[in-house]
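Line by line, the protein sequences are chains H and Z. Heads up: take any position in the first sequence, counting from 1, add 4, and you land on our numbering. Heads up: take any position in the second sequence, counting from 1, add 4, and you land on our numbering.
Warning: the hint list may mix true and false statements.
Pairs involving identical chains hold if they fit within one copy or between any two copies, as the list cannot separate such chains.
Below, simulated DSSO-like cross-link-like pairs (lysine-lysine); rule was C-alpha separation at most 30 Å, straight line [said to hold, decoys possible]: (1) Lys157 <-> Lys216; (2) Lys8 <-> Lys157; (3) Lys247 <-> Lys157; (4) Lys8 <-> Lys115; (5) Lys115 <-> Lys51; (6) Lys220 <-> Lys8; (7) Lys238 <-> Lys47.
By construction, these hints were calculated from the structure, which means they are not laboratory data.
Next come the chains, spelled out residue by residue.
2 protein chains.
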Amino acid sequence: MFEKLYIIKIGGNIIDDPSRLTAFLEELAHLPGKKILVHGGGKLATKVAEGMGIQQQMVAGRRITDAETLKIVTMVYAGYINKNIVAQLQQFGCNAMGVTGADANCILAHKRVGQAIDYGFVGDVDMVNTAAFHVWLNQVDLLVVAPITHDQKGLLLNTNADTMAQEIATAMSRLYDTSLIFSFEKAGVLLNADDETTVIPVITPAYYETLKAEQKVFAGMIPKLDNAFAAVSKGVSRVIIGKAEQLNLLTRSMAGTTIQSA
Amino acid sequence: MFEKLYIIKIGGNIIDDPSRLTAFLEELAHLPGKKILVHGGGKLATKVAEGMGIQQQMVAGRRITDAETLKIVTMVYAGYINKNIVAQLQQFGCNAMGVTGADANCILAHKRVGQAIDYGFVGDVDMVNTAAFHVWLNQVDLLVVAPITHDQKGLLLNTNADTMAQEIATAMSRLYDTSLIFSFEKAGVLLNADDETTVIPVITPAYYETLKAEQKVFAGMIPKLDNAFAAVSKGVSRVIIGKAEQLNLLTRSMAGTTIQSA
Chain H
5 MFEKLYIIKI
15 GGNIIDDPSR
25 LTAFLEELAH
35 LPGKKILVHG
45 GGKLATKVAE
55 GMGIQQQMVA
65 GRRITDAETL
75 KIVTMVYAGY
85 INKNIVAQLQ
95 QFGCNAMGVT
105 GADANCILAH
115 KRVGQAIDYG
125 FVGDVDMVNT
135 AAFHVWLNQV
145 DLLVVAPITH
155 DQKGLLLNTN
165 ADTMAQEIAT
175 AMSRLYDTSL
185 IFSFEKAGVL
195 LNADDETTVI
205 PVITPAYYET
215 LKAEQKVFAG
225 MIPKLDNAFA
235 AVSKGVSRVI
245 IGKAEQLNLL
255 TRSMAGTTIQ
265 SA
Chain Z
5 MFEKLYIIKI
15 GGNIIDDPSR
25 LTAFLEELAH
35 LPGKKILVHG
45 GGKLATKVAE
55 GMGIQQQMVA
65 GRRITDAETL
75 KIVTMVYAGY
85 INKNIVAQLQ
95 QFGCNAMGVT
105 GADANCILAH
115 KRVGQAIDYG
125 FVGDVDMVNT
135 AAFHVWLNQV
145 DLLVVAPITH
155 DQKGLLLNTN
165 ADTMAQEIAT
175 AMSRLYDTSL
185 IFSFEKAGVL
195 LNADDETTVI
205 PVITPAYYET
215 LKAEQKVFAG
225 MIPKLDNAFA
235 AVSKGVSRVI
245 IGKAEQLNLL
255 TRSMAGTTIQ
265 SA
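Bound conformation, chain H alone:
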């Protein structure tokens, strides 16, 4: 019987809202069991870039990480957001520590090349060092992971936080009974994007194909669901998508959308 481990991704809209973030972190701090929080970036990186006069290029809603933008996301994600989350968790009696993929070589990646769009300094994950995470999980109550990886050649890389959470969950599922929770501002995957009461309780691969064909899911939800299905198909016990404010219910599969392998 493996020990339980929760990998929780928190989305940018919550990070941008200090009072919602604090409420979320207080609930997270009191959640029993071993936990890894993966955070995204929020709007602060864009604000800092604007302040410094660095033009942000966006393609299809995704940021192009040029050299100057890489500096800023490293500052904002690994510095400001990560360490403020750690300090707040400490305040709530939860002994936390924050890492990037470069620390203890815990997430090795390579710069994405040969795509139609050059996203710049973006890293695709090659390896999650489960031994490093295992040491930390025995040392502290909660790990806070910023979505920055490295290539072991001196280069830091920007990696999508949903993907980061999925890769960590998949790797750790060899050592723990792992649940992956994508928490964000919505109550789950919605049948009608404007109606919070239309949460789909369960999505199977076949139903996912139907939802895509009927264009009921689109845009940012598709990469999130692709990551969710990748996780369940590679050994993660439970994958749930839902509202950050319902974290406790999500961990008990009593809210949100559950992703099932079949």
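With chain H held as given, fit chain Z onto it using these hints.
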């Protein structure tokens, strides 16, 4: 017989110079034994603050850390500088990880109050969690510490990097045979500040008093020497001040200025 541990402080002028920093990190990566690197800030924090239109207040050469400046030093020290040092060390085959005092509650501090000058969000160290450092030193080859602490009430604090290095060295000297090395751009404590050949090989407390009375040491060197004497008087085996480029010689007491307790 305790195991050897080197606590190395690297100064801001080296951090501001990418090629010197890389050369220093390559030498550090190949230094045998357990190591903790404490880095200062350099000029990047000032540059980012200027870029964002945040006025920097300096009093007697020291930065006043107001709320906006605290955000920036957290971004720059804990994010950009710390993670780039870690990524570079990984490149040189040295498994490094970076932390602040908030991580695993490893350095607890309180906001300095009741002084003639209000330096803002500046932390005076109350406790170094030697158990946390001990776990990390068994996990990786080298720890990289950013000069940010916390008060366990949710507040991050800016702490002088020389003081941080001294506090860590003093605490760790209970578990290790600890050497503290203050490395910077000069060859040691100089009798004539403009002449690199006038390195003072050894300073005792009595000689330090003479040097101060004769105004041979002044300005930034005095807090550094005060930290150095605090360390030797509280159990650190060796304290040496010298040139970053001579790191290997410094660790073998073959260069720089040695601080002696008597």
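Cross-check of the supplied hints:
Taking CA atoms no more than 30 Å apart as the test, Lys157 paired with Lys216 passes in neither setting, with 39 Å inside one copy and 46 Å between copies. For the identical chains of this complex, Lys8 and Lys157 are inter-copy neighbours only, at 29 Å across copies versus 34 Å inside a copy, given an alpha-carbon limit of 30 Å. In this homomeric assembly, Lys247 and Lys157 come within 30 Å of each other (Cα to Cα) only across copies, at 27 Å, whereas the closest approach inside a single copy is 38 Å. In this assembly of identical chains, the alpha carbons of Lys8 and Lys115 never lie at most 30 Å apart, being 33 Å within a copy and 38 Å across copies at closest.
Both within a single protomer and between protomers do Lys115 and Lys51 lie at most 30 Å apart by alpha-carbon distance, with minima of 25 Å and 28 Å respectively. In this homomeric assembly, Lys220 and Lys8 never come within 30 Å of each other (Cα to Cα): the closest approach is 33 Å inside a single copy and 62 Å across copies. For the identical chains of this complex, Lys238 and Lys47 are neighbours neither inside a copy (32 Å) nor across copies (46 Å), given an alpha-carbon limit of 30 Å.
When held up to the earlier numbered hints, the structure conflicts with 1, 4, 6 and 7 and fits the remainder.
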